[in-house]
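> Residues per chain, in single letters:
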Amino acid sequence: MTQLPENDQRLTAFLRQHRPDVPPGAPDLEDRIMAALEAPPHRSGTVALLERPPKGPRSVQRPRPLTRPAWWLVPPAIAASLLVALITYRTTPPPQPNSEDLTQLEAFLEKNWNGAVYDDTSTMEFFPPEDSQNNSDS
Amino acid sequence: MDDQSAGQSDNRPDNYLVQLCLKGDRQSFRQLYRRHQQRVRSILYQLCGSSTLDDLVQEVFLRAWKGLPQFRQSAKFATWLYRITWNVASDQRQSFAQGRSRLQMITNMASVQHEGPDLMHLHYQDLVQRGLTHLSLEHRSVLVLHDLEEVPQKEVAEVLGIPVGTVKSRLFHARAAMRQFLEKEGVQP
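Chains as they are written, first to last, in this note's numbering: chain A, 1 to 138; chain B, 1 to 189.
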């Protein structure tokens, strides 16, 4: 065995000399343990202590449900739905407007175009000149 | 078997007693308990404190009894028993970390220190105890097993399941940390 350096020897000696006193055990601890050896399993509290699930996150055991939900199906189902929606969108032709819709659309565009380029006298009805508004107030 | 006859088997080697235990002789296990309980108790105390010490000692020996059929006869019983002790201590520390009050553990540790007459000795005991709590579990374990319990490095490696080189390295760092703590408290061992 290799010899410790002197300062390690001093430290080790100090630690051994001043190690905390171990508290004494219960007087009947030995008999309790021996009794637990003889006790049938699952009836003794001490054996139950031994056989309880080990502590710690790695050893936590949960009861397994009888029917396990198929959570792994969810992501493929979402992906398949998106794929079907995309294919449907790309392959289905947009609905063709009928002649009545086209007529309405044409009239709408023409009206708005005219309103944007020329003075729209009809707006005067909603926004009268300021003078007339002041006169009416007085 | 009464205490007198149990006393006659004091000189039997551990592994012979283990053989008897495997044949159902519980009194041989009592011998093994008497032979090793103090050291097991001391290791558990240095690593886990005193709050559940009796329960932990009991758990170690019950696990040992149940695990005897798996014990390799070529191995050293004490090393195998310390391995179980280490496992029980680790489980206990995990449960402490999961919410039990460490303050209570430390308080219980401190309560033992007010029984002796020598104040300086009590002071140094308190320092050693607090120094140990400052160490990580890895460093604390090698220091307790090797420096306090005088378990050889090779056996410490077997108990902790690490190479001997790692034991040496951890021992070096653990001593350095402990020395630094003591010097900070005004003690130069």
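Simulated from the structure, these hints should not be mistaken for laboratory data. Quantities reported herein were computed from a predicted structural model and do not represent experimental measurements. Backbone N, C-alpha and C define an ideal beta-carbon position, used for all residues, glycine too. Treat the hints with care, as some may be off.
No farther apart than 16 Å at their CA atoms in a straight line, the calculated lysine to aspartate or glutamate pairs in the EDC-like style are these [to be verified]:
1) LYS23(B) to GLU38(A)
2) LYS168(B) to GLU183(B)
3) LYS76(B) to ASP126(B)
4) LYS66(B) to GLU38(A)
With the C-beta cut set under 7 Å, the calculated list includes, among others, these residues of chain A facing chain B [said to hold, decoys possible]:
5) PRO5
6) ASP8
7) LEU86
Chain B regions said to be covered by chain A (calculated; three or more residues, Cβ under 8 Å) [unchecked claim]:
8) 29–43
9) 61–68
10) 171–181
> For every hint, state whether the structure bears it out.
Here's how the hints hold up against the structure:
Note on LYS23(B) and GLU38(A): the hinted pairing holds, with a Cα-Cα distance of about 14 Å set against a maximum of 16 Å. Between LYS168(B) and GLU183(B) the CA atoms are separated by roughly 22 Å; this puts the pair beyond 16 Å, and the hint is violated. Proposed proximity of LYS76(B) and ASP126(B) is contradicted: the alpha carbons are some 34 Å apart, above 16 Å. For the proposed pair LYS66(B) and GLU38(A), the alpha carbon gap of about 12 Å is at most 16 Å, so the pair holds.
Taken as an interface hint, PRO5(A) does not check out: its beta carbon lies about 10 Å from the nearest beta carbon of chain B, beyond 7 Å. A least Cβ separation of about 6 Å between ASP8(A) and chain B falls short of the 7 Å threshold, and the interface hint therefore holds. With 7 Å as the threshold, the beta carbon of LEU86(A) stays out of range of chain B, its nearest partner Cβ sitting at about 48 Å, so the hint is violated. Counting residues of the stretch 29–43 of chain B whose CB lies closer than 8 Å to any CB of chain A gives 8, which reaches the minimum of 3, so the coverage claim holds.
Counting residues of the stretch 61–68 of chain B whose CB lies closer than 8 Å to any CB of chain A gives 5, so the stated coverage by that chain holds, three being the minimum. For the stretch 171–181 of chain B, the proposed coverage by chain A is satisfied: 3 residues have a C-beta within less than 8 Å of a C-beta in that chain, meeting the threshold of three.
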